[in-house]
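Enquirer: These protein sequence lines are chains A and B, in that order. Position one of the first sequence corresponds to residue 1 (the working numbering), numbered consecutively onward. Position one of the second sequence corresponds to residue 1 (the working numbering), numbered consecutively onward.
These aren't lab readings, by the way, just hints derived from the structure by calculation. Predicted model, so just to flag it, every value in this text is computed and none were measured. Take the hints with a grain of salt, since some may be wrong.
Note that identical chains are pooled: a pair holds if it fits in a single copy or bridges any two copies.
[Unchecked claim] Mimicking BS3-like on lysine-lysine, the simulated pairs with C-alpha atoms at most 25 Å apart in a straight line are:
id: 1; residue 1: K24; residue 2: K86
id: 2; residue 1: K80; residue 2: K5
id: 3; residue 1: K24; residue 2: K5
Protein chains: 2
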Amino acid sequence: MDILKVSSRSNPNAVAGTISALMKSDNEVEIQAVGAGAINQTVKSIAIARGYLAPTGLDIVCIPAFTNVDIDGVERTAIKFIIETK
Amino acid sequence: MDILKVSSRSNPNAVAGTISALMKSDNEVEIQAVGAGAINQTVKSIAIARGYLAPTGLDIVCIPAFTNVDIDGVERTAIKFIIETK
Numbered sequence: 001m002d003i004l005k006v007s008s009r010s011n012p013n014a015v016a017g018t019i020s021a022l023m024k025s026d027n028e029v030e031i032q033a034v035g036a037g038a039i040n041q042t043v044k045s046i047a048i049a050r051g052y053l054a055p056t057g058l059d060i061v062c063i064p065a066f067t068n069v070d071i072d073g074v075e076r077t078a079i080k081f082i083i084e085t086k
Numbered sequence: 001m002d003i004l005k006v007s008s009r010s011n012p013n014a015v016a017g018t019i020s021a022l023m024k025s026d027n028e029v030e031i032q033a034v035g036a037g038a039i040n041q042t043v044k045s046i047a048i049a050r051g052y053l054a055p056t057g058l059d060i061v062c063i064p065a066f067t068n069v070d071i072d073g074v075e076r077t078a079i080k081f082i083i084e085t086k
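Can you make the complete structure from the sequences, with help from the hints?
Expert: Below, the structure written as structure tokens:
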């Protein structure tokens, strides 16, 4: 599965475009976000991507889960969002 | 549908407990969150609630969307999370 990494500085419209493209080609995407700012941008991106995909008949939902990621040798808790079609 | 309001100071475990109880009784919950901190707590709560509900056979997903809420007479953009079973 493709893994997208979103930061607090990611542009939600750009991330939504990537989510849409990957959903159309692969039907599943995983997004990783560390920290409140990144999680906020991810959620907005998913809401926007729903609008991009709805006219094509794809109704996406997300499944949030905890995961650990290694950042500069330090293990941190991240949120992964698995995006699927309904 | 029940509407839960989550803030940046909400306890994710407590919110997860409420989500679980409402999903068991009503099979659908809406959560409203304003701001990155509140959205972060909401996402963590949903991930925790998935763990509470999985043993009962309920596999929940969330649908994020934009909405407007009135806070002290000022209209602000909020995120609503619709929680459904898969």
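Enquirer: It remains to establish, for every hint, whether it holds in the given structure.
Expert: Evaluation of the provided hints:
1. For the homomeric pair K24 and K86, the shortest alpha-carbon distances inside one copy (14 Å) and between copies (20 Å) are both at most 25 Å.
2. In this assembly of identical chains, the alpha carbons of K80 and K5 lie at most 25 Å apart whether taken from the same copy (9 Å) or from different copies (23 Å).
3. Taking the shortest Cα distances, K24 and K5 sit within 25 Å of each other inside one copy (19 Å), while across copies they are farther apart (33 Å).
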